[in-house]
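Chains as they are written, first to last, in my numbering: chain A, 126 to 324; chain B, 623 to 972.
Read the hints as simulated data drawn from the structure, not as lab findings.
Be a bit skeptical, because a hint or two may be false.
What the hints assert, rightly or not - In silico EDC-like links for lysine to aspartate or glutamate, alpha-carbon gap of 20 Å or less:
hint : chain 1 : residue 1 : chain 2 : residue 2
1    : B       : 744       : B       : 756
2    : B       : 744       : A       : 148
3    : B       : 744       : A       : 253
4    : B       : 879       : B       : 963
5    : B       : 744       : A       : 291
6    : B       : 879       : B       : 856
7    : B       : 879       : A       : 287
8    : B       : 879       : B       : 905
9    : B       : 632       : B       : 642
10   : B       : 744       : A       : 275
11   : B       : 632       : B       : 697
12   : B       : 632       : B       : 662
13   : B       : 744       : A       : 259
14   : B       : 632       : B       : 832
15   : B       : 632       : B       : 885
16   : B       : 632       : B       : 658
17   : B       : 632       : B       : 836
18   : B       : 744       : A       : 302
19   : B       : 632       : B       : 799
20   : B       : 632       : B       : 911
21   : B       : 744       : A       : 159
22   : B       : 632       : B       : 856
23   : B       : 744       : A       : 288
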Amino acid sequence: MPAPGVPLERQGFLTLGTYDADDPAPGHQHLLREVVLGEELGFDSVWLRHRHFQSGISSPVTMLAAASQRTSRIEFGTAVTPLGWENPLRYAEDLGTLDVLSGGRMNPGISVGPPIHWDDVRAGLYPDTADLEDLSYERVVRLLRLLRGEPASTFSGTSGIEEFSDRVQPQSPGLADRVWYGGGSRRSVRWAGEQGWPC
Amino acid sequence: MPAPGVALEKLGFLTLGTFDGADPRPGHEHLLAEIELAEELGFDSVWLRHRHLQYGVSSPVTVLAAASQRTSRIEFGTAVTPLGWENPLRYAEDLGTLDILSGGRMNPGISVGPPMHWDDVKAALYPDTADVEDFTYERVARLHRLLRGEPASTFVGVDGIESFSAHVQPHSPGLADRLWYGAASEGSARRAGEHGLNLLTSSVVRAAPDEEPDFAAIQARSIRAFREAHPAGEAARVSQGLVVIPTDSATAEQRAKYEAYVEARTPRTTEPQGPGRLLFARDVLGTSEEIADALYAHAGFREAREVVFALPFSFAHSDYVQILTDMATKLGPALGWSAPDRSAAARVGA
Numbered sequence: 126m127p128a129p130g131v132p133l134e135r136q137g138f139l140t141l142g143t144y145d146a147d148d149p150a151p152g153h154q155h156l157l158r159e160v161v162l163g164e165e166l167g168f169d170s171v172w173l174r175h176r177h178f179q180s181g182i183s184s185p186v187t188m189l190a191a192a193s194q195r196t197s198r199i200e201f202g203t204a205v206t207p208l209g210w211e212n213p214l215r216y217a218e219d220l221g222t223l224d225v226l227s228g229g230r231m232n233p234g235i236s237v238g239p240p241i242h243w244d245d246v247r248a249g250l251y252p253d254t255a256d257l258e259d260l261s262y263e264r265v266v267r268l269l270r271l272l273r274g275e276p277a278s279t280f281s282g283t284s285g286i287e288e289f290s291d292r293v294q295p296q297s298p299g300l301a302d303r304v305w306y307g308g309g310s311r312r313s314v315r316w317a318g319e320q321g322w323p324c
Numbered sequence: 623m624p625a626p627g628v629a630l631e632k633l634g635f636l637t638l639g640t641f642d643g644a645d646p647r648p649g650h651e652h653l654l655a656e657i658e659l660a661e662e663l664g665f666d667s668v669w670l671r672h673r674h675l676q677y678g679v680s681s682p683v684t685v686l687a688a689a690s691q692r693t694s695r696i697e698f699g700t701a702v703t704p705l706g707w708e709n710p711l712r713y714a715e716d717l718g719t720l721d722i723l724s725g726g727r728m729n730p731g732i733s734v735g736p737p738m739h740w741d742d743v744k745a746a747l748y749p750d751t752a753d754v755e756d757f758t759y760e761r762v763a764r765l766h767r768l769l770r771g772e773p774a775s776t777f778v779g780v781d782g783i784e785s786f787s788a789h790v791q792p793h794s795p796g797l798a799d800r801l802w803y804g805a806a807s808e809g810s811a812r813r814a815g816e817h818g819l820n821l822l823t824s825s826v827v828r829a830a831p832d833e834e835p836d837f838a839a840i841q842a843r844s845i846r847a848f849r850e851a852h853p854a855g856e857a858a859r860v861s862q863g864l865v866v867i868p869t870d871s872a873t874a875e876q877r878a879k880y881e882a883y884v885e886a887r888t889p890r891t892t893e894p895q896g897p898g899r900l901l902f903a904r905d906v907l908g909t910s911e912e913i914a915d916a917l918y919a920h921a922g923f924r925e926a927r928e929v930v931f932a933l934p935f936s937f938a939h940s941d942y943v944q945i946l947t948d949m950a951t952k953l954g955p956a957l958g959w960s961a962p963d964r965s966a967a968a969r970v971g972a
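The following block holds chain A by itself, in its conformation from the complex (with noise of 0.2 Å):
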């Protein structure tokens, strides 16, 4: 809590990584280049945003696994990936994936609740399944849980020629520490507190 004298001890930033949409890549490259001087500056982490029909970036676990083999050393984050729009199973092997390519340099930001603009992207989101899903702090949860290792199948052993596991894959040592929630809310505020999670 850096009061004046008190020296900060972490610096990030924060960017949503702009682009044009009739010629993404200058602005995807842009984005990249930033990442690489932020690293060259000595900032500590650079956090993206996660943004959907937007121009700006709607995959950061794609961008930042880019960004992993351009630096080595700066840490990563996502602020925030809205969680309604993820399966948590699939997420966590994006997570798990990019977190070992880059070292253990991930930090999932997450929040939940309904998408944003609900109402007009539910048909294109989840055309079949949009009045089931589960948008509650349950998805965090989930998410967690498979993050940790927690069982994610009920069968593991060979199958033909096969090998499988009941955890994600890959595990990634500490990630499950490193899962950051954006609360926007006393309430939620402190029911991430009440889980042990940075906020």
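For chain A, the structure is supplied; the task is to place chain B on it using the hints.
Using the frame of chain A, we list chain B on its own:
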């Protein structure tokens, strides 16, 4: 369609990206190093299998995004992503982002149907929606529409200080035309043709109940059915993906290991497996010259102009280096393929 004398147009390879569950990083790093090597050798493409709850790549888009920063020319693909695990809208965002980052090098390969081990994974994958998820071809059609940029939201305009569009962002032109379908049966090959997709044929086909279990003949018939149904007809793209293991520069020890691997997998190739009558192709092992002879005698290969040779599962990095090197410098040329200029394989050939 390479008969002897007709040049193979594209040489790609397919791999699983095996890793140790207790220490996954080295396996992922080896995979990235193999992709870099393949680009140097002149391969046209690398394709990743897509596994879940296994010790193989579970997020190929993430791995290929990393590979996009270590390569500049080689094309990428998946073979195949089981779409039952994906939300087509979210997946279209991932694919669009990867395609933009890689300069238009992505070829998404997909198939559809209920996920493998469905009863074991449904509670974790779709705890609230398992009974109503649509695993029909409609899921493919949804992804295709979204990649083409068809509207998926009814809100367009400014909300607060932010602008919203009706279609998936980023939109990468051309990506929708690079969608491939992994078909094991003649019926699904024909359907892929009707929808104008490209066709991936692998080392597995489905034999019809009363059909002679002749892998090559079934595969060749599927390819012909696909082209008959495809708007582009004979020009429609098809790749063949057998497991192929060239031994030209292998050590005696490597050869013995490869032979044992093939031996262990051969029994399942002799008759259709399971109620679905899946028929597996024999792995093709030998010198490049022997492999080329075997391929020219294969009715499925003769219908294709592109190959995506599958690497065996669970070999060591040094084995893959040897196999990839022989594929690009010996087997490819034996099939009339020429590496792009400036690649290591082109230099060896010169």
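Residue 744/B and residue 159/A: Cα distance at most 20 Å? It is violated: about 41 Å lies between the C-alpha atoms, which goes past 20 Å.
Taking 20 Å as the top limit, are the C-alpha atoms of residue 632/B and residue 697/B close enough? Measuring from Cα to Cα gives roughly 11 Å; hence the hint holds.
Going straight from one Cα to the other, do residue 632/B and residue 911/B come out at no more than 20 Å? Satisfied, since the Cα-Cα distance of roughly 18 Å is no more than 20 Å.
Check the hint pairing residue 744/B with residue 253/A against an upper bound of 20 Å on the C-alpha distance. 16 Å, holds
Taken at face value, is the distance from the CA of residue 302/A to the CA of residue 744/B at most 20 Å? Violated - the C-alpha atoms of residue 302/A and residue 744/B are around 26 Å apart, more than 20 Å.
If you draw a straight line from the CA of residue 879/B to the CA of residue 287/A, is it 20 Å or shorter? 18 Å, holds
Check whether the Cα positions of residue 744/B and residue 259/A lie no farther apart than 20 Å. 15 Å, holds
Is residue 879/B close enough to residue 963/B, meaning Cα to Cα at most 20 Å? 34 Å, violated
Sort out whether residue 275/A lies within 20 Å of residue 744/B, counting only the CA atoms. Within the cut-off at roughly 15 Å; holds.
Measure nothing beyond the straight line between the CA atoms of residue 744/B and residue 291/A; if it is 20 Å or shorter, mark the hint as holding. Answer holds: residue 744/B to residue 291/A is near 12 Å, not above 20 Å.
Just to be careful, I want the Cα atoms of residue 879/B and residue 856/B compared with a cutoff of 20 Å; is the pair within it? 40 Å, violated
Given the hinted pair residue 632/B and residue 658/B, is their Cα-Cα distance within 20 Å? Given that 20 Å is the threshold and the Cα spacing comes to 18 Å, the pair holds.
Hints 2, 4, 6, 9, 14, 15, 17, 18, 21 from the earlier list are contradicted by this structure; the remaining hints agree with it.
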